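Engineer: Protein chains in written order, with my numbering: chain H, 1 to 396; chain C, 1 to 79.
All clues given are correct.
Result set (SDA-like, lysine to any residue): computed pairs, CA atoms no more than 25 Å apart in a straight line:
| # | chain 1 | residue 1 | chain 2 | residue 2 |
| --- | --- | --- | --- | --- |
| 1 | H | K210 | H | L361 |
| 2 | H | K39 | H | L23 |
| 3 | H | K327 | C | N30 |
| 4 | H | K146 | C | G12 |
| 5 | H | K272 | C | V65 |
| 6 | C | K52 | H | L225 |
| 7 | H | K297 | H | D80 |
| 8 | H | K203 | H | L361 |
| 9 | H | K93 | H | K146 |
| 10 | H | K223 | C | A54 |
| 11 | H | K38 | H | P189 |
| 12 | H | K336 | H | L194 |
| 13 | H | K272 | C | I58 |
| 14 | H | K223 | C | G70 |
| 15 | H | K272 | C | R71 |
| 16 | H | K219 | C | L24 |
| 17 | H | K210 | H | T199 |
| 18 | H | K219 | C | M35 |
| 19 | C | K74 | H | R269 |
| 20 | C | K52 | H | Y216 |
| 21 | H | K93 | H | T295 |
| 22 | H | K297 | H | R9 |
| 23 | H | K67 | H | S19 |
Think of the hints as simulated: they come from the structure by calculation, not from any bench. Note that the structure is predicted; figures quoted are calculated from it, not measured.
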Amino acid sequence: MELFEKLYRMTAIQNIIESPQILLMILIAFFLLYLGIKKQYEPLLLVPIAFGMLIANFPGGQMGVVKIDESLTLYQIARDHGIMNFVYYSLIKTGFLPPIIFLGVGALTDFGPMLRNLRLAFFGAAAQIGIFTVLISAVAFGFSLKEAASLGIIGGADGPTAIYTTIKLAPHLLGPIAIAAYSYMALVPVIIPLVVRLTTSKKELLINMKEQDRLYPAKRPIKNLQTLKIIFPIAVGTIVALLVPSSVPLIGLLMFGNLVKEIGASTGRLHKAASDTILNAATIFLGLAVGATMTAKAFLNVETILIIVGGFVAFAISIAGGIFSVKVYNLFAKKKINPLIGATGLSAVPMASRVANEIALKHDPNNHLLQYAMASNISGVIGSAVAAGVLISFLS
Amino acid sequence: MDQLSTAFTLLGVGMITVFVVLSLVVLTGNLLIRMVNALNADSPGPTSDDDKGAIAAITAAVEIVTHGTGRITKIERKN
Numbered sequence: 001m002e003l004f005e006k007l008y009r010m011t012a013i014q015n016i017i018e019s020p021q022i023l024l025m026i027l028i029a030f031f032l033l034y035l036g037i038k039k040q041y042e043p044l045l046l047v048p049i050a051f052g053m054l055i056a057n058f059p060g061g062q063m064g065v066v067k068i069d070e071s072l073t074l075y076q077i078a079r080d081h082g083i084m085n086f087v088y089y090s091l092i093k094t095g096f097l098p099p100i101i102f103l104g105v106g107a108l109t110d111f112g113p114m115l116r117n118l119r120l121a122f123f124g125a126a127a128q129i130g131i132f133t134v135l136i137s138a139v140a141f142g143f144s145l146k147e148a149a150s151l152g153i154i155g156g157a158d159g160p161t162a163i164y165t166t167i168k169l170a171p172h173l174l175g176p177i178a179i180a181a182y183s184y185m186a187l188v189p190v191i192i193p194l195v196v197r198l199t200t201s202k203k204e205l206l207i208n209m210k211e212q213d214r215l216y217p218a219k220r221p222i223k224n225l226q227t228l229k230i231i232f233p234i235a236v237g238t239i240v241a242l243l244v245p246s247s248v249p250l251i252g253l254l255m256f257g258n259l260v261k262e263i264g265a266s267t268g269r270l271h272k273a274a275s276d277t278i279l280n281a282a283t284i285f286l287g288l289a290v291g292a293t294m295t296a297k298a299f300l301n302v303e304t305i306l307i308i309v310g311g312f313v314a315f316a317i318s319i320a321g322g323i324f325s326v327k328v329y330n331l332f333a334k335k336k337i338n339p340l341i342g343a344t345g346l347s348a349v350p351m352a353s354r355v356a357n358e359i360a361l362k363h364d365p366n367n368h369l370l371q372y373a374m375a376s377n378i379s380g381v382i383g384s385a386v387a388a389g390v391l392i393s394f395l396s
Numbered sequence: 001m002d003q004l005s006t007a008f009t010l011l012g013v014g015m016i017t018v019f020v021v022l023s024l025v026v027l028t029g030n031l032l033i034r035m036v037n038a039l040n041a042d043s044p045g046p047t048s049d050d051d052k053g054a055i056a057a058i059t060a061a062v063e064i065v066t067h068g069t070g071r072i073t074k075i076e077r078k079n
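Isolated chain H (complex conformation) (with noise of 0.2 Å):
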């Protein structure tokens, strides 16, 4: 008898009959798993992330982010809280893998269609808006200030600018701001859509960009795209780094991983494992470690219902005030440029161009604007890294 009483404790079953609370984050952890896998939203990371809730919320196993002394090392916190704790408290808390992904980003993204539509990377400053507003009406619905720039930072559209931006301001919310940023960033075949349906007319629509450009030829091609392609990461950087030291983690590492893969065979090495390696370990452990934050008692509060229902109206806002800027500049300009880019103006790359360019193509068949969607597409990653440097250097 004393045996089955040893096995049943020696069991999670115990403490789920005692706490069911765990029970639906086992749940929730099932159906993002399903949204990962069946669904395929953003599984790359919503797999980790579902998988590290799911095994966080098992009790005895340790693998849940708990609150603990920092003072301790991480020989004692990987010794006494487990290994889930050591990852977080090492590479998370510390910030080290955001920038680490960036990295990776940059190995992976092509300035070309930036540098050849230049003009349409100002659409990546008015998307940022979302993050703004969001902020003010958190503040309003009573969450501190650092809690707010977080939750608004979803509105940014990029997962880690999101997660590096909490886990400097407050890292207690990590869990669900992660998850929605993810969430969202999933959704946005469905986000844009709606936005766009509700704020352009099917005239703004048909502006075929290239088109205008027949109309209105560049003033200056690029002779030497290569060239100008090693140049600008470098100059970028520096520009960042002297105005808005705070975003140099994430910029600086983006634009590092961009030159090494533009330097070309030299560095080829260098870009394999940014872009493939390093990439891939990061995101797995970020992933793991992000899920382990959200256990029942950190997860199941009102504040989760809040950012939900934030992050959603942060991401949208953005999108639309990408779109009311495109329209603002065609009120003054001859050379018309299609709303559709500005909505692209949050990051979420290459996913928000891809959707652009498919809504543009049902309107006309011959409008293909995926190359000037992704120049403000990726100048929306160094705006929203840019939005997130502002926040961290006022309120940490």
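Chain C: place on chain H using the hints.
Structural biologist: Then chain C, alone, in the frame of chain H:
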């Protein structure tokens, strides 16, 4: 109330900073284009659509054969 006014300040400062930084990115990009074009004054301008197709095919072939590590430095016509 105090927090709200800080939030409004952040809206102004944040949006202005993002616009300034991206304006500088655009400005720098344009300056770099001028500089690189000046240094490549002797090289031929943009190629025709036919050439673009051929260059794309050659680039893709090199990319596949070298597994992304190779780079084309010069393409010459034989005749």
